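Q: Hints given; two lone chains; assemble the complex.
For reference, the chains in residue letters:
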Amino acid sequence: DSGVTQTPKHLITATGQRVTLRCSPRSGDLSVYWYQQSLDQGLQFLIQYYNGEERAKGNILERFSAQQFPDLHSELNLSSLELGDSALYFCASSFGTYHNEQFFGPGTRLTVL
Amino acid sequence: GNSVTQMEGPVTLSEEAFLTINCTYTATGYPSLFWYVQYPGEGLQLLLKATKADDKGSNKGFEATYRKETTSFHLEKGSVQVSDSAVYFCALSPGGYQKVTFGTGTKLQVIP
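The listed protein sequences derive, respectively, from chains P and G. Using my numbering, read the first sequence as starting at 1 and increasing by one per residue. Using my numbering, read the second sequence as starting at 1 and increasing by one per residue.
Just chain G, with the same shape it has in the complex (with noise of 0.2 Å):
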């Protein structure tokens, strides 16, 4: 079956630090890969996505680029702060009537 592996957390940064949260995962055919993200209180919102191999989806200086031969939707951002604290999930669709799977989410936090 499909699945999403995403780093474990919490990410403790510090503001204006480097951000890479990786993500892999493991489908059949040509799933579509999201990243959502969870601010405090709040629903899961689409953050970026791409919708095949070599794709780089990018939002609110977030940047994360498909790669179909490593299986991988890493993202990253190169300065983080403190706005930016909150819970990533990584995501795949692999179309049609199946469902999205979802990562177990990465908590980062960010300090001034």
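So that you can see chain P by itself, here it is in the shape it has in the complex (with noise of 0.2 Å):
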């Protein structure tokens, strides 16, 4: 167990949907990172938030959007879903920015129909 906590575990939708997944960081982590997992294009870096603020930008569409709150947990809105959509979510977390390994939940599987 990570500590980095994810949900939900599955969501099923249809195209066009709007969706938000949420993640908790482990205790006393300030950075969170959301990466996409899908079998055609592997693990895509998405987007990093530290302390609330966000740090650094990957390959995330203008559809897709998210934030981190005082509590320091993170949220990942996905908006006018398409059938490419589906993939595994994960969120990660770490203390820091600077060299730090990054621990993983257990992931979010988006299903789009």
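These are calculated hints, taken from the structure and not from any lab test. Given the structure is predicted, the values throughout are model-derived calculations rather than measurements. Backbone N, C-alpha and C fix where the C-beta goes; we use that ideal spot for every residue, glycine too. Keep in mind that a hint or two might mislead.
To be verified - Which residues of chain P face chain G? A few of them, derived with a C-beta cut under 10 Å, are:
(1) Arg55
(2) Ser86
(3) Leu88
Said to hold, decoys possible - As a list, the in silico DSSO-like pairs of lysine-lysine whose alpha-carbon atoms are at most 30 Å apart:
(4) Lys9/P with Lys68/G
(5) Lys9/P with Lys107/G
(6) Lys57/P with Lys52/G
(7) Lys57/P with Lys107/G
(8) Lys68/G with Lys52/G
A: See the structure below:
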């Protein structure tokens, strides 16, 4: 158990819909990272937050947004969903940002029908 | 930009065989290097890391040495077990607020 929790574990929805994925980092960790893992794209970094502020951005679509709240939990919002958004979404956390290893949650499996 | 290149899988080995998974990187400065492992149905977990040149990371019988001259961080294990079957990811962290770069992952299957 990494100490990172993600909800829900599974999500099935239809094209055009909007969903919110939630992540609680390990106790004491200030950074949260979001990744998308699909069979054809591998593990793709989406975005990083550190203590409530956006710190790094990866291949995140404009339809996707995220935020980190004062209690340090984070939410990833996916809107206007397309079939190709079906994937595993992982959250990871670390204490800081400098060379720190990341601790991954169990993931949320999103299926868009 | 930064990049990580891993050998393509899947790699299939018999139990007790020697394992090498190659990883090379491109980065400026002095990144930290990591190997993560993903068991079926789970998230990634850190296997080992090295933070400077010539450092050797080791854990659970796995080893990798940070070679700056060849920009490599190959993963090795002397005798694999069926329980080592998983996907292995090489990654680099440039430090500061730069994103971590992951390789594409190498699937290892160990057969009895």
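Q: All hints, please: hold or fail.
A: The hints, checked one at a time:
1. Arg55: Where the cut-off is 10 Å and the nearest Cβ of chain G is about 5 Å from Arg55/P, the hint holds.
2. Ser86: Hint on Ser86/P: violated, closest Cβ of chain G at ~17 Å, above 10 Å.
3. Leu88: holds (9 Å)
4. Lys9/P with Lys68/G: violated (40 Å)
5. Lys9/P with Lys107/G: holds (23 Å)
6. Lys57/P with Lys52/G: holds (26 Å)
7. Lys57/P with Lys107/G: It holds: about 27 Å lies between the C-alpha atoms, which stays within 30 Å.
8. Lys68/G with Lys52/G: holds (9 Å)
In terms of the numbered hints stated before, the structure departs from hints 2, 4, listed from lowest to highest.
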